[in-house]
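Chemist: Take a look at the letters that make up each chain.
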Amino acid sequence: MEPHYPLFYVFHFYLFGVIALASAIAFVTRKSPVPAALWLVNTMFSLAVLFVMLDAQFIGVMQVLVYAGAIMVVFLFVVMLLNLGDPSELADMRGTGWKLSAGLVGLALLAEIMVIARARLPEQLVVAPAFNAQQQEKLNVVGMIAKPLFTDYLLAFELTSVLLLVAIAGAVVLGRGRAAGAR
Amino acid sequence: MLAESLALSAALFVIGVVGVLVHRNAIIIFMCVELMLTAVNLTFVAFSRFYGAAGQVFVVFVMTVSAAEAAVGLAIIIAIFRHRQTVDLKDINLLRG
Numbered sequence: 059m060e061p062h063y064p065l066f067y068v069f070h071f072y073l074f075g076v077i078a079l080a081s082a083i084a085f086v087t088r089k090s091p092v093p094a095a096l097w098l099v100n101t102m103f104s105l106a107v108l109f110v111m112l113d114a115q116f117i118g119v120m121q122v123l124v125y126a127g128a129i130m131v132v133f134l135f136v137v138m139l140l141n142l143g144d145p146s147e148l149a150d151m152r153g154t155g156w157k158l159s160a161g162l163v164g165l166a167l168l169a170e171i172m173v174i175a176r177a178r179l180p181e182q183l184v185v186a187p188a189f190n191a192q193q194q195e196k197l198n199v200v201g202m203i204a205k206p207l208f209t210d211y212l213l214a215f216e217l218t219s220v221l222l223l224v225a226i227a228g229a230v231v232l233g234r235g236r237a238a239g240a241r
Numbered sequence: 020m021l022a023e024s025l026a027l028s029a030a031l032f033v034i035g036v037v038g039v040l041v042h043r044n045a046i047i048i049f050m051c052v053e054l055m056l057t058a059v060n061l062t063f064v065a066f067s068r069f070y071g072a073a074g075q076v077f078v079v080f081v082m083t084v085s086a087a088e089a090a091v092g093l094a095i096i097i098a099i100f101r102h103r104q105t106v107d108l109k110d111i112n113l114l115r116g
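Residue numbers (our numbering), protein chains in the order written: chain Y, 59 to 241; chain E, 20 to 116.
Hints were generated in silico from the structure; no laboratory data involved. A quick note: this is a predicted structure, and the numbers were derived from the prediction, not measured. Just so you know, not all the hints are guaranteed correct.
Between beta-carbon pairs, the in silico distance windows are [stated by the list, open to error]:
#1 Y/197 to E/108: 45 to 55 Å
#2 E/102 to Y/197: 48 to 58 Å
#3 Y/72 to E/108: 33 to 43 Å
#4 Y/208 to E/108: 33 to 43 Å
#5 Y/196 to E/102: 22 to 32 Å
#6 Y/63 to E/102: 47 to 57 Å
#7 E/109 to Y/216: 37 to 47 Å
For every residue, glycine included, the Cβ atom is placed at its ideal position computed from N, Cα and C.
If we strip away everything but chain Y, and leave its shape as in the complex, we get:
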């Protein structure tokens, strides 16, 4: 089974879990994009803490750099680029019927996920407790990810670079507009 965790660890895990959840709820109830983006950054930071606590230090750093740093800054740039006028003109939420049905869909999904988790977890899961800690001692924090990334998953890694290239090209083509394309 899972190793025993000290109370300090458990307390902070729950603390940052609750922060992440509360920020996510605050994020989803905002009407204007800038406060929503800032709450989402808060969620991402709390999740980065959880990643570090789950022995995924490199992923935690990536979370801060890529999500909270790069992606959210791009979102805020777009919000400011579009210059959406005063808040009353902003697109707000849908009507009550939509909200109710969205809540029902959410509850149904949550129940489904919980049932699946309960049914599958106990017997199939526990393979090697503290496996990653051993890996980290053998390689190091980055090497633990880099070694499979550049050996077992090399093809996927190379395809990812193609994906990024296509995405950059697509973003440039879509973003430059008609005036620049007219030659």
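Let chain Y serve as the given structure and place chain E on it in line with the hints.
Modeler: Using the frame of chain Y, we list chain E on its own:
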């Protein structure tokens, strides 16, 4: 901590789904998609403690894909805004039958 991580991840994912359904602002809907992707990342990391580093490698891929998705999606939003002067999905319904 596995069960707690999975429950938190499920809750975050569902919040993302509800956000996509409830909001009309295209930018916020994109942020909700990012939240869903991150929730899945939490599941990968939680399982990677038991199955080795492959889960974390997949998280790297998910992050790359979400970065690409954000770049292209926001470019599309900018293109639509240039065309229609709005990001309200209520007014962007050309394909509605």
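Chemist: Indicate, hint by hint, whether the structure satisfies it.
Modeler: Going down the list of hints, with the structure as the test:
1. Y/197 to E/108: 45 to 55 Å: Given about 47 Å between the Cβ atoms, the range holds.
2. E/102 to Y/197: 48 to 58 Å: For residue 102 of chain E and residue 197 of chain Y the Cβ distance comes to about 51 Å; the hint holds.
3. Y/72 to E/108: 33 to 43 Å: Hint holds: Cβ distance 37 Å, inside 33 to 43 Å.
4. Y/208 to E/108: 33 to 43 Å: holds (42 Å)
5. Y/196 to E/102: 22 to 32 Å: Violated - the Cβ-Cβ distance for residue 196 of chain Y and residue 102 of chain E, about 55 Å, lies outside 22 to 32 Å.
6. Y/63 to E/102: 47 to 57 Å: Roughly 54 Å apart at Cβ, these two residues keep to the hinted range, so it holds.
7. E/109 to Y/216: 37 to 47 Å: holds (42 Å)
Checked against the numbered hints given earlier, this structure breaks only hint 5.
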